[in-house]
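Peer 1: Generate the whole structure from the sequences, applying the supplied hints.
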Amino acid sequence: MSEIHIHTDQLQVVPGLIGGFIFVLGLCSLITKERLFLSETLLSMVFGIIIGPQVLNWMDPSTWSSNEYQLTQEFSRYALAIEVMIAGVTLPKKYLLKEWKSVLFLLLPVMSIMWLVSAAIIKFTFSLSFVHALAIGACIAPTDPVLANAILKGMFAESHVPLRLRNILTAESGANDGLGYPFLFFALYLMRLGGGKAIATWFHSTWLYQVALSVVIGAVTGFVCRKALRYAETAGWVDKESFLSSSITLALLLVGVCTIVGTDDILCCFVAGNSFTWDDWFRVETEDTGLQETMNGLLSMTFFIYFGAIIPWSAYTVENMLGPWRIVIVVVLIMLLRRLPVLLASYRLIPAIRTWQDALFAGWFGPVGVSAVFYSLETIRQIDDHEDSNGESIRHIVYPIVCAVVFGSVLVHGVTIPLVLMGKRVKTTLSTSASSVWNQPGRMSFGNLSAWINDKRQRSADDPQKANQQPSPAYFSPGAESPNPARPKRRNMLSNEALPELSLPPAEIGSLQPPDTNDGLFMNTEPRNISPRHIVILDTSPPLERPSNN
Numbered sequence: 001m002s003e004i005h006i007h008t009d010q011l012q013v014v015p016g017l018i019g020g021f022i023f024v025l026g027l028c029s030l031i032t033k034e035r036l037f038l039s040e041t042l043l044s045m046v047f048g049i050i051i052g053p054q055v056l057n058w059m060d061p062s063t064w065s066s067n068e069y070q071l072t073q074e075f076s077r078y079a080l081a082i083e084v085m086i087a088g089v090t091l092p093k094k095y096l097l098k099e100w101k102s103v104l105f106l107l108l109p110v111m112s113i114m115w116l117v118s119a120a121i122i123k124f125t126f127s128l129s130f131v132h133a134l135a136i137g138a139c140i141a142p143t144d145p146v147l148a149n150a151i152l153k154g155m156f157a158e159s160h161v162p163l164r165l166r167n168i169l170t171a172e173s174g175a176n177d178g179l180g181y182p183f184l185f186f187a188l189y190l191m192r193l194g195g196g197k198a199i200a201t202w203f204h205s206t207w208l209y210q211v212a213l214s215v216v217i218g219a220v221t222g223f224v225c226r227k228a229l230r231y232a233e234t235a236g237w238v239d240k241e242s243f244l245s246s247s248i249t250l251a252l253l254l255v256g257v258c259t260i261v262g263t264d265d266i267l268c269c270f271v272a273g274n275s276f277t278w279d280d281w282f283r284v285e286t287e288d289t290g291l292q293e294t295m296n297g298l299l300s301m302t303f304f305i306y307f308g309a310i311i312p313w314s315a316y317t318v319e320n321m322l323g324p325w326r327i328v329i330v331v332v333l334i335m336l337l338r339r340l341p342v343l344l345a346s347y348r349l350i351p352a353i354r355t356w357q358d359a360l361f362a363g364w365f366g367p368v369g370v371s372a373v374f375y376s377l378e379t380i381r382q383i384d385d386h387e388d389s390n391g392e393s394i395r396h397i398v399y400p401i402v403c404a405v406v407f408g409s410v411l412v413h414g415v416t417i418p419l420v421l422m423g424k425r426v427k428t429t430l431s432t433s434a435s436s437v438w439n440q441p442g443r444m445s446f447g448n449l450s451a452w453i454n455d456k457r458q459r460s461a462d463d464p465q466k467a468n469q470q471p472s473p474a475y476f477s478p479g480a481e482s483p484n485p486a487r488p489k490r491r492n493m494l495s496n497e498a499l500p501e502l503s504l505p506p507a508e509i510g511s512l513q514p515p516d517t518n519d520g521l522f523m524n525t526e527p528r529n530i531s532p533r534h535i536v537i538l539d540t541s542p543p544l545e546r547p548s549n550n
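Per UniProt numbering, numbering through the sequence shown is continuous, rising by one, with the last residue being 550.
Because the hints were derived from the structure by calculation, they are not lab data.
Take these hints with a grain of salt, some might be off.
Listed next, the in silico SDA-like pairs over lysine to any residue satisfying Cα-Cα at most 25 Å (straight line) [to be verified]:
{"hint": "1", "residue 1": "K93", "residue 2": "L349"}
{"hint": "2", "residue 1": "K93", "residue 2": "I31"}
{"hint": "3", "residue 1": "K240", "residue 2": "G290"}
{"hint": "4", "residue 1": "K240", "residue 2": "T259"}
Nothing here was measured: the structure is a model prediction, and the numbers come from that model.
Peer 2: Dropping the structure here:
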């Protein structure tokens with residue numbers, strides 16, 4: 001008889017754990033996402049913490065490679081590249097050209113202030129030099145497309161967040177991830193070179209080579225691939241599966257090319273995605289397939305399971321100057337001050353953000369996620385590669401600080417929507433209960449109280465002796481009407497009495513549409529058909545003539 005061997009190596013256990021969790025979560029996905037409004041990234045991170053080395057120790061990525069930082073950085077690089085490609089593809093036709101003012105303002109002034117505010121908080125909390133704080137602040141300045149998609153997709157976003165606001169936040173999260181390089185390398189060059197030489201190197205090495213060249217590569221590659229795919233599809237050369245996966249393969253191609261030439265691969269992928277669907281053809285052809293949402297869900301859940309298992313909990317000690325109270329202060333202050341105040345103060349300068357409610361939503365939901373992990377590990381790699389002695393003081397603290405901020409962002413943004421909806425339900429329940437208690441028999445309602453006061457004034461004018469007479473019990477019962485004949489009874493305009501018959505055929509009734517409500521936040525933005533029960537017909541017939549006394 002052959003022996004049964006049970007393999008408990010992590011290479012066999014971890015895929016089963018991740019696959020099983022994603023499958024079970026998928027079985028109740030409608031409940032978690034559309035009823036409880038819980039974020040999949042939050043649940044995935046919690047699951048990763050549970051199976052990680054701090055709890056069950058079923059998943060320990062530090063044992064998978066001799067260089068855990070390199071493994072994590074490459075994982076985050078490819079996850080970011082695919083996510084920003086998806087963000088670029090899902091934007092409408094020529095979006096960056098049409099909304100260039102909003103995008104440019106969010107990428108330059110707003111992101112710069114987010115960077116400086118984050119650096120100031122870190123400097124004063126951990127007593128670092130301002131240059132070192134700028135390097136750490138650059139890691140958490142960009143908003144994350146992985147977490148942004150979790151907020152901007154789904155029933156809540158489609159029902160409550162205007163499409164224009166979803167589009168501008170998607171564009172911002174895709175573009176500013178690539179623009180994290182200039183902010184990071186500005187601080188790194190100041191630490192390494194100092195003074196004017198750092199500024200000159202930063203300008204030609206970062207802006208001209210990394211940023212400008214990546215934009216050119218992305219725009220040209222996206223244009224050429226769009227034309228090639230359009231020609232192949234017209235000629236009947238490409239099948240459905242290859243057609244749908246073309247954007248993902250394009251992202252992998254660009255990561256390889258940009259890594260070889262040393263340019264900004266993240267920004268290049270976003271620009272290529274937008275160029276790839278510049279004429280809206282590919283987006284329209286793939287919007288009903290669900291491929292983008294599927295890839296986003298799998299990537300985000302897998303990465304945050306991994307992230308939950310690699311959070312360096314042992315680094316948060318007083319000996320490492322990363323005491324728990326300092327970490328909590330930094331996370332809370334960054335959540336409150338990093339983005340929200342600047343958007344509330346400047347939203348009038350951003351055409352896509354029209355109201356203060358829009359600014360409140362956009363300012364609060366600017367999550368810190370995968371991009372922050374990537375840039376923190378890029379900081380460590382740059383310090384090690386150039387043997388920068390000035391950077392050694394932050395080498396061992398940049399990654400733990402960033403991981404703490406990412407943990408706080410996933411937690412806070414993941415529970416915000418459920419807490420808001422829970423508060424609304426509690427408020428509605430309390431209001432309904434108070435109204436029902438006030439209108440119980442034996443209690444005077446506000447409408448009947450007004451009628452009783454008017455009736456008392458009338459009796460006082462007619463007979464002063466009856467002025468102090470107690471009101472009739474009828475006033476204390478719900479639905480009681482005033483006996484004052486001088487006060488005519490109102491006609492119920494919504495009743496079915498004296499209304500003309502509905503003469504519209506069902507086809508015309510079904511084609512009626514409600515007015516556009518896309519201008520305000522927390523409005524239902526999806527058009528819906530109007531059934532006959534939604535139609536209110538007012539009586540437009542001329543009023544009846546009063547009979548003459550003759």
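Peer 1: Now look at each hint and say whether the structure bears it out.
Peer 2: So, going through the hints one by one against the coordinates:
1. Between K93 and L349 the CA atoms are separated by roughly 23 Å; this keeps the pair inside 25 Å, and the hint holds.
2. Between K93 and I31 the alpha-carbon distance is near 34 Å, which puts this suggested pair outside the 25 Å criterion.
3. Our distance criterion of 25 Å between C-alpha atoms is met by K240 and G290, whose separation comes to about 13 Å.
4. Proximity of K240 to T259 is assessed by CA-CA distance (about 30 Å); at most 25 Å being required, the pair is judged violated.
Checked against the numbered hints given earlier, the structure breaks hints 2, 4 and satisfies all the rest.
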